[in-house]
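Peer 1: Build the full structure now, drawing on both the sequences and the hints.
Protein chains in written order, with the working numbering: chain A, 145 to 636; chain B, -17 to 471.
Read the hints as simulated data drawn from the structure, not as lab findings. Warning: the hint list may mix true and false statements.
27 Å max Cα-Cα, derived DSSO-like pairs, lysine-lysine [claimed, not checked]: (1) B:372 / A:253; (2) B:222 / A:253; (3) A:154 / A:458; (4) B:365 / A:253; (5) B:222 / A:236.
Which chain A residues stay away from chain B? Per the calculated CB distances, all over 10 Å, these [as the list claims (entries may be wrong)]: (6) 174; (7) 187; (8) 343; (9) 362; (10) 399; (11) 404; (12) 418; (13) 434; (14) 435; (15) 451; (16) 488; (17) 505; (18) 519; (19) 565; (20) 590; (21) 592.
Cβ atoms here follow ideal geometry from the backbone N, Cα and C, with glycine treated the same way.
Now for the letters of each chain:
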Amino acid sequence: MSAASGKLIKGATGDWETVIGLEVHAQVTSNSKLFSGASTEFGGNPNSHVSLVDAAMPGMLPVINEECVRQAVRTGLGLNAKINRRSVFDRKNYFYPDSPQGYQISQYKSPIVGEGEVVVELGGGKTATIGIERLHLEQDAGKLLHDRSPSLSCVDLNRCGVALMEIVSKPDIRDAEQARAYVTKLRSILRYLGTCDGDMEKGSLRADVNVSVRKPGGPLGTRCEIKNMNSISFIGDAIEYEARRQIEILEDGGAIDQETRLYDPDKGETRSMRSKEEAHDYRYFPDPDLLPLEFSEAWVAGIKAGLPELPDQKKARFIADFGLSSYDAGVLVAERESADFYETVLAGLADKSRDGKLAANWVINELFGRLNREGRDITGAPVSAAQLSAIVDLIGEATISGKIAKDLFEIVWTEGGDPRALVEARGMKQVTDLGAIEKVVDEIIAANPEKVAQARAKPQLAGWFVGQVMKSSGGKANPQAVNDILKAKLGI
Amino acid sequence: MTLLTSLTLAEARDGLANKSFTSLELTDAHLGAIEAARTLNAFVLETPDQARAMARAVDAKIARGEGGPLAGIPLGIKDLFATRDVRTTACSKILGNFVPPYESTVTSQLWRDGAVMLGKLNNDEFAMGSSNETSCFGPVVNPWRREGANTELVPGGSSGGSASAVAAMLCMGATATDTGGSIRQPAALTGTVGIKPTYGRCSRWGIVAFASSLDQAGPIARTVRDSAILMRSMAGHDPKDTTSVDRAVPDYEAAIGKSVKGMKIGVPREYRLDGMPAEIEKLWAEGAAWLKAAGAELVDVSLPHTKYALPAYYIIAPAEASSNLARYDGVRYGLRVPGRSIGELYENTRAEGFGAEVRRRVMIGTYVLSAGYYDAYYLRAQKVRTLIKKDFEDCFAKGVHAILTPATPSAAFAVGANLDPVEMYLNDIFTVTVNMAGLPGIAVPAGRDAQQLPLGLQLIGRPFDEETLFSLGEVIEQAAGRFTPARWW
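Peer 2: Set out below in structure tokens:
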């Protein structure tokens, strides 16, 4: 499998290619920590979710939380990855007050999940396949607080020991857009699986980004690692800055130092954090307090059987069953909440094979459009899925026209209410009484003989008559009936 | 009347049940003995108030007919076991006055069964040592002396306080831990019985860790029967320790007196060391003869990788220790020696808090795990470990029920003999293989050296077959008799 080509960067000496690999740290959704019974709840007073194990009291021992293992396996299956039925926990030794044990329990040589892949959507309907190198389970660290005392640093161990999945991509990413699309897709898959809430603001999803540059097709360059990125757009910005920085150095005849860097979003630049020489020797070795993790094929199969439908499968189904465009289906499945909303609208429709596509248009154009303009998200939408189903039903069964439906949507958005009752109460029903429409058509034809002559000569001009009829019916005349009657009367 | 302190645990149990005396009387007798024996430095913390309170409570229970298997028995607890609300230091300055808000699983099972805690026993700092001289509370003195001499002798280590206290009749039994011989070597040097059960038989939860893959708790007592009684209460599965094994705990005492007729006992030729004292050789042969007389069949066996065990052990144990001791950093509990930066705080705290032997092992462990050396040291040592394990498996597969070896290469040596570290490490030569293979091993007193100091033999069993060790151990005990030091303190 070769990486999709990305956007090349023009330098003074020609084009450069960026090579990117990501290590994403995703906090596992679970009630308790990876090796202790303490709560994983976010927030809380400092050190209120800390067990004796988390605080590394003498003689305390870790016990694996099975739910975290299940979540990692679920995630591996969702990434089409190889599940390793035997994996080992190792200790990564380093001294820092956010790590009370003096080591982090992680997985080094034998991770729980091996190689997999993720297909990401790029602009212009293109896709790229990004390889997954591995996924392993490890403990999160505590948090240092430097603002509580003028002379001391404090440590909050609430987050200490919470389970993380480190998801390592292959260096298959070739530009900032692909990197953004990869993290977006990964986040979406995790949220569908319910294995990570993907909340980047709370730090539930963070990424270390490895960037190097090379002449297209040339040997790999020396990479720099940008640590702890917690925004998808910053990831893209940091890559673009870092690639240009490296190109400038190389074109000036310099060499890249392998180092760890930090991105400063205010200045839009990366800066050195520590060099390779300062890198820790973590002295990994298998944790003797924990047995290797082993599970059966049947156990994995059981988890696989319980997996929810993932975005790629859902998208394919929307296209096949309702004739959605690939783009529209992609928009609907990008976020689990959007897809769920659309599915609920579908479930409420009287005839979803007839109106499924219409419903998609309404969800995407009217609802998402309006939410976007108002800076709101789907969870707080004033129009419920049931209300939207009713509106689409009313259009589909020709009780109201699309135009009237927009007015109805506005009323439901601002005032609420049952759409069907509103249509009844406010007389918004489409006029389908052919006699009544015919009467209006006759009147307009009689009053405009010149237009009649023009329309007979040039049938495209008949549209003027349609507009007049709709206007005089207050928009409620059935457009199809108006068209048919007009055509007959005008003899076109 | 016999002194209450000179009873065996089994005798005391029966006396309590018959209401010949109360637990409070028994406890008071021991508290008095402890007070009179402070020169041995076996206890680092005496808890008389707690002991009497526990004794009174258990007396009330006994009166109601509710006593457990250890009802009213006063015990000493190695300071490596966390005891709730009672200072626990692992005999290291770095833990300072640490008082755990939790009780180790093993000790909580002893209290569940009615035992009484007399106090905390001295040990080598973090259980690292073979003479109990590395304790921050100073060395423990062996109640045994060479015939006609006043030289203070070591009780062995790291469970030196446990061994010394049991031999001197300051408690009826004691908890101990064994990572490379820390139960069996001090038992052998004090004429007591010590058993290290199969790895996973006792929970490690709440025991200050030295080397997690080797550490195992066990009892030291004055008779094989007493050790069997204690073993039953200490053993058992604990969901809080993933390495503990979910397996029913047998009635070990029932194995005492069981016939050993027809059992195949291996005598491993690799344990016959060059320059081994003749009296050790003689003791070993005597032990074999006693077992044979009891109907066992003695067979020569080979454990070919034995000579690599000690070097491999002194890579694996320090490697794990270097990581296990990283938590003692001055941040959350115990000693803190401030510095201008977090790095300085770590350095100052650990330099002052750890003694020389602990620092040496942390450095060795850090070295053997470091990038570039891991494969040459740690990984190779693990391969050796696998081979040692296989040696035993092959031997047991040939129908061998247990293996007989000397427990130590010599009798107790003088306090302050200043052995160099390698000489000191050689004390574990016969015992480390058992930890490396995770097997049970018992040390039973079997004779005396030329200076009338006790010597022990070791029996190594199949995994989870502690019962056979008790049966065989009792045969040796019956033949050799019991060994009690003359009181000089």
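Peer 1: Confirm or reject each hint.
Peer 2: Against the structure, the hints:
| no. | hint | result |
| --- | --- | --- |
| 1 | B:372 / A:253 | holds (25 Å) |
| 2 | B:222 / A:253 | holds (26 Å) |
| 3 | A:154 / A:458 | violated (39 Å) |
| 4 | B:365 / A:253 | holds (17 Å) |
| 5 | B:222 / A:236 | holds (22 Å) |
| 6 | 174 | holds (18 Å) |
| 7 | 187 | holds (22 Å) |
| 8 | 343 | holds (29 Å) |
| 9 | 362 | holds (30 Å) |
| 10 | 399 | holds (23 Å) |
| 11 | 404 | holds (17 Å) |
| 12 | 418 | holds (14 Å) |
| 13 | 434 | violated (6 Å) |
| 14 | 435 | violated (6 Å) |
| 15 | 451 | holds (28 Å) |
| 16 | 488 | holds (42 Å) |
| 17 | 505 | holds (55 Å) |
| 18 | 519 | holds (43 Å) |
| 19 | 565 | holds (59 Å) |
| 20 | 590 | holds (92 Å) |
| 21 | 592 | holds (89 Å) |
Hint check: violations occur at hints 3, 13 and 14; the rest are consistent with the structure.
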